[in-house]
Amino acid sequence: MNRLTLIRTVVIVAFFGLLEILCRTGIISPFTMIPPSEMAVELWLLIASGEVARGMRQTLGNVAVACFFAITVGFAVGAGVHAVPRLRRALDPFLTTYYAVPFFVFYPLLVFIFGMNNFPMIMIGFLFAVVAMIINTLNGLDKIPRVYRKVARMHHMGRTKTALLIELPYAIPNLFTGVKLAVAYSFIGVIAAEFILAPGGLGYAISFAYDNFDNNTMYALMLFILVLVTIINMSLHAYERRLLRRQGR
Amino acid sequence: MSHEVHARLEGVTRVYPAVAGNPPVHALGPIDLDLRKGEFFSIVGPSGCGKSTCMDVLAGLAPPTKGTVWFEDKRVHGNVPDGIGAVFQEDASFPWLTVEDNAAFGLRRAGVDAAEIRRRVEYALSFMGLKDFAKAYPAQLSGGMRQRVCIARTLVLQPRLILLDEPFGALDAQTRLLMGDELLKLWRETGATVLLITHALDEAAMLSDRIGAMSARPGRFLETVETGWSRDRDSRMLEGETFGHITGRLWQMLRSESKRAMGHEGGVA
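As they're listed, the protein sequences go chains A and B. Sequential numbering of the first sequence, starting at 1, is according to the working numbering. Sequential numbering of the second sequence, starting at 1, is according to the working numbering.
Please keep in mind that the hints were generated in silico from the structure rather than gathered at the bench. Please note: incorrect hints may appear among the correct ones.
List time: in silico DSS-like cross-link candidates among lysine-lysine, alpha-carbon distance up to 27 Å [unchecked claim]: (1) K135(B) with K161(A); (2) K143(A) with K135(B); (3) K74(B) with K37(B).
Source: prediction; values computed, not measured.
Extracted from the complex, chain A is given alone in its bound form (with noise of 0.2 Å):
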């Protein structure tokens, strides 16, 4: 364990221990908040009745199609505009302005068109997220030398093989940030579209124990969705930090 490592793991271990002795010597409310052990025990708990694997299967379903449409639109679009500079041009306002945009305006709309199932949520997740893979492919094609259009020229490669063996590989680092910050969006897209006005996921569990006083069941899934997306971003940013060190970056 390296230096950096240690003081990130003592952070995290010192701030549950402070906060497991706050609830514990009720400076925290027990209605207020349960002990970080409680949550621990009443997730696993819930995990082993099978209450939950329902709601977690459809939230972590939603977000694996949100996530894997926004990551390939997001790649084929990015690469589309890149080639077209006058359309980036025209599109590059609405690029950088998009996340002014609060797309859960649009849920009553999603709901109207798609009806009361998953499509609406996955489709905010989708919104939530494509704008980043697109942002970062852009980036990514942008930061490739055109010495290496040169180099490619020598080497007899046409387009395609440029494109696929040169400039794909050098933008990876780039588009696997898209990558990162793609599913990090759509988890938030679809736990939060869960909340408002879903039949069912995550979300919709917290909301209802939240609405029905089940501090018990509201905290042991926070803890679950705190810890999963914790684990993924960190393996995540682990690979781009490796792959962005391989290339000097």
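Place chain B on chain A using the hints.
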């Protein structure tokens, strides 16, 4: 030395078309140049005089606006002929590949069999002093070593004409001298014709059989200087008197052109 012509530029002009309201740029020529088979020829000239454009036209990376380019008696017109290799000023090593995979890149594209790739890559890496770094990534190497990776990637393809566009431009003076020695060794061993584009007069004077001094834009050859060095030369020539004479002569030709390129149109006394 044989005087058989290996590559020829005849009345070559290159004009970059107008872009976004800016007028067309007459970058080069008209120029004529005969590259003799097996010689080491350098082009020196002020910044922006069209040296790199000249190399691009000769490599087939850019078509001439006027004039013709020949390589081994075949016309070159915006297509890169077989037998030409190029190394550029910018670091063009591929950071996602190891040193040996970088060197093997062109051979794999050309479908050369694995045993032959291994043989050529091993030779090129040991020739360029990179054998111990075969499994390293370019990010783990110095600027000079990365440039050697690019030279190795060109060398394995066994080009008959090697074009070098300021390959040591980003390196410090001592490393440049040592790289110059490596380059001379490579030139002697391969027997290839070498065209070096450089802004460094001392580099051109040390490495070349002939040096073409180019005017400010649009670049034209002012004069071609024969150095008269033997083939087994190296950087120790810097101590000699002749080296100083050649460098001085080049500077005499280029001083007013360099001032002109900087915007001092009046020239120098």
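message: If you test the structure against every hint from before, which numbers come out violated?
response: Every hint satisfied by this model.
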